Amino acid sequence: MTVDGSAVAGPVDGFAERVTARVNDGARFCGLFGSAESDGTRLVAVVAVDGSLEIEAVVVPDHTPRFPSLTPTLAAAAWYEREIHDLFGLEADGHGRLDPLVLPLAPGSTRPRPGSGKPLDPVEVDLSPLPVHLRGEGVFTIPYGPVRSGVFESIEYLVETPGEDIPHLRTRVFYKHRGVEIRFEGMSVADGVLLAERSEGVASVAHAIAFCEAIERLAGVEIPSAAGLVRVIHAELERVANHLDSVIRHTEAAGQAVAYARLSLHKERVQRLRGRLCGSRFGRGVVVPGGVAGPLGPDAGQLFAALDEIEPAIRADLRLLMTTPSFLDRLRGTGVVPADLACRYAAVGPVGRGSGQMEDVRFARPYAAYGRLGHQLLEPKGDGDALGRQRVRNDEITGAFHLIRQANDRLSEEAHDGHAWGVPVGPVSGEALGWAEAPQGEVLYLVRVEDGRLVRVKPRSASFHNLALFHAAFPEDILTDFAFIEASFGLSIAGVSS
Amino acid sequence: MPWIPRGLRDGIVTTRYPRRPDGYGEGFRGRVVVHPGGDGDLRAGSIAEACPTDAISIDAGQFCLDRGRCIMCGRCVELYPEVFEFEPDFETSAIGRDRLVVPDREEDDASVARTRSELARRVKALRRSVHIRHLDAGSDGAEEWEVAALTNPVYDVQRLGIYFTASPKHADLLLVTGVGAAGMLRSLQHTFEVMPEPKVVIAAGADAISGGLIGHGYAARGGIAESVPVDVYVPGSPPTPFGLLHGILLAVGLLPEARRPSTPPASNARRSVRPGTAVPGPSTPEDPPTEAGP
Chain A
0 MTVDGSAVAG PVDGFAERVT ARVNDGARFC GLFGSAESDG TRLVAVVAVD
50 GSLEIEAVVV PDHTPRFPSL TPTLAAAAWY EREIHDLFGL EADGHGRLDP
100 LVLPLAPGST RPRPGSGKPL DPVEVDLSPL PVHLRGEGVF TIPYGPVRSG
150 VFESIEYLVE TPGEDIPHLR TRVFYKHRGV EIRFEGMSVA DGVLLAERSE
200 GVASVAHAIA FCEAIERLAG VEIPSAAGLV RVIHAELERV ANHLDSVIRH
250 TEAAGQAVAY ARLSLHKERV QRLRGRLCGS RFGRGVVVPG GVAGPLGPDA
300 GQLFAALDEI EPAIRADLRL LMTTPSFLDR LRGTGVVPAD LACRYAAVGP
350 VGRGSGQMED VRFARPYAAY GRLGHQLLEP KGDGDALGRQ RVRNDEITGA
400 FHLIRQANDR LSEEAHDGHA WGVPVGPVSG EALGWAEAPQ GEVLYLVRVE
450 DGRLVRVKPR SASFHNLALF HAAFPEDILT DFAFIEASFG LSIAGVSS
Chain B
0 MPWIPRGLRD GIVTTRYPRR PDGYGEGFRG RVVVHPGGDG DLRAGSIAEA
50 CPTDAISIDA GQFCLDRGRC IMCGRCVELY PEVFEFEPDF ETSAIGRDRL
100 VVPDREEDDA SVARTRSELA RRVKALRRSV HIRHLDAGSD GAEEWEVAAL
150 TNPVYDVQRL GIYFTASPKH ADLLLVTGVG AAGMLRSLQH TFEVMPEPKV
200 VIAAGADAIS GGLIGHGYAA RGGIAESVPV DVYVPGSPPT PFGLLHGILL
250 AVGLLPEARR PSTPPASNAR RSVRPGTAVP GPSTPEDPPT EAGP
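Which chain is which? The protein sequence lines are A and B, in order. So for the first sequence, numbering that gives the first Met the number 0 puts the first residue at 0; every next one is plus one. So for the second sequence, numbering that gives the first Met the number 0 puts the first residue at 0; every next one is plus one.
No lab work stands behind these hints, which were simulated from the structure alone. Quick caveat, the model's predicted, so the values are computed rather than measured. Treat the hints with care, since some could be wrong.
Chain B side only, calculated, beta carbon under 10 Å to chain A, not exhaustive [claimed, not checked]: (1) CYS72; (2) GLY140; (3) GLU145; (4) ALA148; (5) PRO152; (6) VAL153; (7) GLY160; (8) TYR162; (9) ASP206; (10) GLY211; (11) ALA218; (12) ALA219.
Stretch by stretch, here's where chain A covers chain B in the computed footprint (C-beta under 8 Å, at least three residues) [said to hold, decoys possible]: (13) 171 to 180; (14) 183 to 191.
Some residues of chain B that are not near chain A, with every Cβ distance over 12 Å (derived) [as the list claims (entries may be wrong)]: (15) ARG8; (16) THR13; (17) GLY73; (18) SER116; (19) GLU117; (20) ARG120; (21) GLY137; (22) ALA165; (23) ILE213.
Yeah, the Cβ is synthetic: ideal placement off N, Cα and C, and Gly gets one too.
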């Protein structure tokens with residue numbers, strides 16, 4: 000949807016009630032984003048209603064930088080309001096815990112205020128340790144991170160524990176904050192897509208699609224049919240690779256050495272196939288505003304041959320894994336996200352679908368070529384535990400291969416009259432939303448552009464949205480379950496604090 | 000129990016690199032090479048400007064490319080294919096930041112040789128047992144996948160005596176990814192400080208070398224070089240597992256003689272090699288791509 004900024008801004012009072020009323024009427028809360036404007040900070044709440052996105056917006060004036068918090072009525076808004084507090088300095092009255100999240104500034108540093116277009120000096124980050132929350136005999140705090148044991152992205156989990164249980168977990172995500180949002184400002188649209196690919200590198204294709212969808216919506220162009228099919232092929236291979244990454248981490252934590260080796264081999268093969276299709280093992284450079292950069296590297300027959308080799312091997316090993324008791328025992332009943340919790344936090348992606356939040360953006364609001372391809376909607380399954388999420392991922396891997404084959408079929412069928420791979424996108428102006436279903440879940444881009452220059456870009460990764468409920472996924476779990484629960488969420492920290 | 004035969008199903012999939020060249024790489028972007036040309040071309044300025052990371056400069060009428068900044072988006076290749084070309088060669092790591100700028104400038108060979116021999120002396124004690132501590136200083140997340148891939152059966156770095164370790168106190172080599180995010184600088188310096196001597200630092204990826212597309216910002220420090228002394232630079236966005244492996248072996252002096260970066264006499268011979276074949280020589284025929292993958 001395009002966003003008509005002037006028409007929709009309502010009064011600050013009643014904003015929380017208006018958004019809450021929408022959610023109570025059945026809308027799903029997708030996010031709350033800020034943007035610095037000449038007379039204040041504009042807040043945009045995005046909700047999903049029956050196959051479309053709708054917004055509520057207000058402008059919070061600079062002279063009274065506060066607004067009534069949404070969090071008491073919408074738990075899912077909690078992290079968004081903390082982020083807005085970090086970046087813009089707005090107080091959310093009634094939030095309860097407006098601690099720094101993405102950028103704890105040291106005294107003397109200026110808030111970045113994305114959208115203002117002002118040059119910024121380097122900031123200093125406040126790294127002081129958090130105060131202990133839990134009191135009791137023998138309770139101590141274990142900090143996991145930011146430099147963690149193994150090859151992980153930097154994040155800190157503070158576990159307060161009497162020994163085994165995890166009664167209290169706090170997450171500090173700011174360590175690798177890079178300032179991506181500000182970096183977008185002033186870029187051309189063509190450079191912007193390169194940065195979108197790097198805002199969450201393991202979901203490069205989904206981010207590039209969501210960004211370009213917003214631009215194409217503003218330009219009023221429809222991408223060529225073949226370009227939509229190529230986008231689907233790359234996005235689905237990205238999904239397979241990410242879902243394999245999650246199960247690889249499970250097998251590593253479970254000490255399943257052979258399964259670990261087998262599945263890592265499969266993932267390497269998928270990455271190599273992606274490299275052969277476009278030159279990048281992460282599908283970078285494929286999606287450009289108006290379409291795709293060009294055809295797939297190998298021809299349709301070669302792609303089918305590659306799939307024929309990879310797909311049965313993955314399925315055979317996953318099937319065996321799902322009958323291996325020593326593996327299942329670690330996942331069953333681990334990291335339960337109850338359905339009502341998933342609903343309150345409006346969880347997306349496999350985390351949501353493992354707990355009854357079934358919406359899949361590919362089919363709820365079709366983009367690229369998804370509307371033209373057949374698919375099977377997943378049945379709700381599992382009890383919201385890590386095993387349930389693994390089952391969702393197994394099904395999604397099967398579904399992804401099915402979509403790739405269909406798209407490849409269509410590409411070769413339609414090949415006879417030659418393909419156009421892109422349409423020109425002029426110097427567009429305006430504001431629009433773009434979206435895509437990344438392997439982690441729904442990715443949103445709120446993009447404002449003037450004469451082809453980006454003025455404000457807000458990427459919202461599924462990782463950010465889902466990590467907000469991570470702390471609540473430890474009802475009966477102990478320290479040794481931690482690695483499984485983390486892997487079953489399958490999130491990328493680069494997308495949480497970009 | 001059923002996993003044991005499953006583990007044997009595909010036979011040996013492990014690369015023989017670095018002992019033998021590896022044919023994998025055809026068709027993926029390993030590096031951008033710069034051919035002579037563009038002298039006096041009116042488009043030259045606009046092509047240099049089109050680079051999103053300012054990796055292209057013009058020196059005495061000739062294009063220069065800084066691979067430490069290049070994110071391999073391919074825009075220059077598209078705009079000026081006569082000068083810029085993709086090659087699949089992944090052996091692009093270098094000792095010394097200046098060595099990433101191609102074509103080679105007139106250089107003080109003596110200082111390059113000094114840097115190399117200093118590093119060689121430092122790593123002498125590490126031979127055949129190298130422990131790596133990885134650290135994310137603000138990556139986009141893709142780099143971690145490629146680092147983690149080094150332990151998969153295709154690259155299997157343990158076969159070379161290379162291990163990942165959790166404790167920096169056991170580490171010989173610090174492998175750093177990311178733009179140098181403000182929040183990670185203290186952890187980065189602290190990790191480096193507690194590592195025992197001798198120690199080596201690798202900046203892995205354009206982000207760690209120069210900040211890549213993010214560069215310098217309010218929260219990014221344009222790479223990690225301001226915080227820790229970098230010995231080896233691995234270009235790429237992200238660098239491929241083979242690129243990382245080359246960088247690690249280069250850093251600790253485990254590359255076979257033939258695969259080391261050229262010293263001046265060998266450099267001409269090397270430059271004329273067909274892309275992708277890495278190293279000539281009758282004794283090292285090119286292996287087929289590792290693993291029977293697609």
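Are there hints from earlier that the structure breaks, and if so, what are their numbers? 7, 8, 15, 16, 17, 21, 22 and 23
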